[in-house]
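Visitor: One-letter residues, chain by chain:
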Amino acid sequence: MSDIQTISIRNDLHEIQRVREMIEAFIFQHGLPVSLVAPFTLASDELLTNVINYGYDNEQEHAIHLQIKCEDFALVLRIEDDGCAYNPFSAPDPDLTTELLDRPAGGLGIYLVRQLMDQVEYDRKANKNILLLTKQISFGKGNERDGMH
Amino acid sequence: MECIEEKQNDVVILGLHGRLDSVTAPVVEQRLLSLIDGSHRQIIVDCAELAYISSAGLRVFLMAAKRVTQRKGKLIFTSLNDEVRQVFDLTGFSSILHISPSREAARTH
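Respectively, the protein sequence lines represent chains Y and Z.
So the first sequence is numbered by numbering that gives the first Met the number 0: it starts at 0 and just counts up by one.
So the second sequence is numbered by numbering that gives the first Met the number 0: it starts at 0 and just counts up by one.
The hints are simulated quantities; they were obtained by calculation from the structure and are not laboratory data.
Incorrect hints may appear among the rest.
As the list claims (entries may be wrong) - With the Cβ distance kept under 10 Å, some of the chain Z side facing chain Y (calculated, not the full set): (1) S21; (2) Y51; (3) L61; (4) M62; (5) A64; (6) T90; (7) G91.
As the list claims (entries may be wrong) - Here chain Z is said to cover these stretches of chain Y; the calculated rule only asks that three of the stretch's residues, wherever they fall, bring their Cβ under 8 Å from a Cβ of chain Z: (8) 12 to 20; (9) 41 to 48; (10) 91 to 105.
Claimed, not checked - Some but not every residue of chain Z turned toward chain Y, in silico, with C-beta under 8 Å: (11) V22; (12) P25; (13) S53.
Idealized CB from N, CA, C, for every residue including glycine.
Could you build the full structure based on these sequences and the hints that come with them?
Guide: Written out as structure tokens, the structure reads:
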């Protein structure tokens, strides 16, 4: 089964809600496990927030193109932006073992994305950053009640 | 996101209603900071109606916890739902922030 839904948004944090709505609609319409909503919603929120806040060196309006796809029992989200070349997955994990006062504030978003997804990929093609997030779909018993796994 | 404040003697309870993300984090940060910088030593952040949190929200909570510690106060997060709790767990925030199952339990913390 292969089915694709696309959306383009402006580089504005308030647009992220439209992506969430698309992800929810896609998952429900295709009868996929509800447990996929939370990880994809959070992962896309984190990555889009980073692109919108830090990805551009100007104040212009930019388009970000997303595509969600169900293929070979995996859900795949693709994010393409024309911002500065940057691979968010190249940053090291934050140190999550420190005490409160030493705990770093940065790197948490990308760290969450890595925890929530089975696979994360970055590519740079034709001056675009392309991010691919993949999560296997398991139609196991009790899957509907699961949290984010 | 709606922030609803309640004062009960020397404790202030800040109820968060809605989603805490990159759009709403600044507003919550402002409210929390003004509570902490005010005279309140005991603050309970009631997350019963907090539907969602992203790293933007975690950063606000982290900043608040550091500030409260410096002022020798107490900050407790209560009634986290499963999704929010999982984000806390994944990032290790469950071990550095004070979490309580309910407001009542928090008051006797």
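Visitor: Now tell me if each hint is right for this structure.
Guide: Results for each hint:
1. Among the interface hints, the one on S21 (chain Z) holds; its C-beta lies about 4 Å from the nearest C-beta in chain Y, closer than the 10 Å criterion.
2. Taking 10 Å as the C-beta cut-off, the interface hint given for Y51 (chain Z) holds, the closest approach to chain Y being about 8 Å.
3. Interface restraint check for L61 (chain Z): the shortest CB-CB distance to chain Y comes to about 6 Å, inside 10 Å, so the restraint holds.
4. Taking 10 Å as the C-beta contact cut-off toward chain Y, the hint placing M62 (chain Z) at the interface holds, the least distance being around 7 Å.
5. Checking A64 (chain Z) against chain Y by beta carbon gives a least distance of about 6 Å; that is within 10 Å, so the hint holds.
6. Hint status for T90 (chain Z) relative to chain Y: holds, with the closest Cβ pair at about 6 Å, below 10 Å.
7. Annotation: G91 (chain Z) was flagged as interfacial toward chain Y, and the flag holds, the nearest CB pair being 4 Å apart, inside 10 Å.
8. Only when three residues or more bring their CB closer than 8 Å to a CB of chain Z does the claim for the region 12 to 20 of chain Y stand; here the count is 3, and the claim holds.
9. For the region 41 to 48 of chain Y, the proposed coverage by chain Z is satisfied: 4 residues have a C-beta within less than 8 Å of a C-beta in that chain, meeting the threshold of three.
10. Residues of the region 91 to 105 of chain Y with a Cβ under 8 Å from some Cβ of chain Z number 7, which satisfies the need for three, so the listed coverage holds.
11. Because the smallest distance between the Cβ of V22 (chain Z) and any Cβ of chain Y comes to about 5 Å, under 8 Å, the interface hint for this residue holds.
12. Hint status for P25 (chain Z) relative to chain Y: violated, with the closest Cβ pair at about 10 Å, above 8 Å.
13. Interface hint status for S53 (chain Z): upheld, as the beta-carbon distance to the closest one in chain Y is roughly 5 Å, under 8 Å.
Consistency note: the structure conflicts with earlier hint 12 alone.
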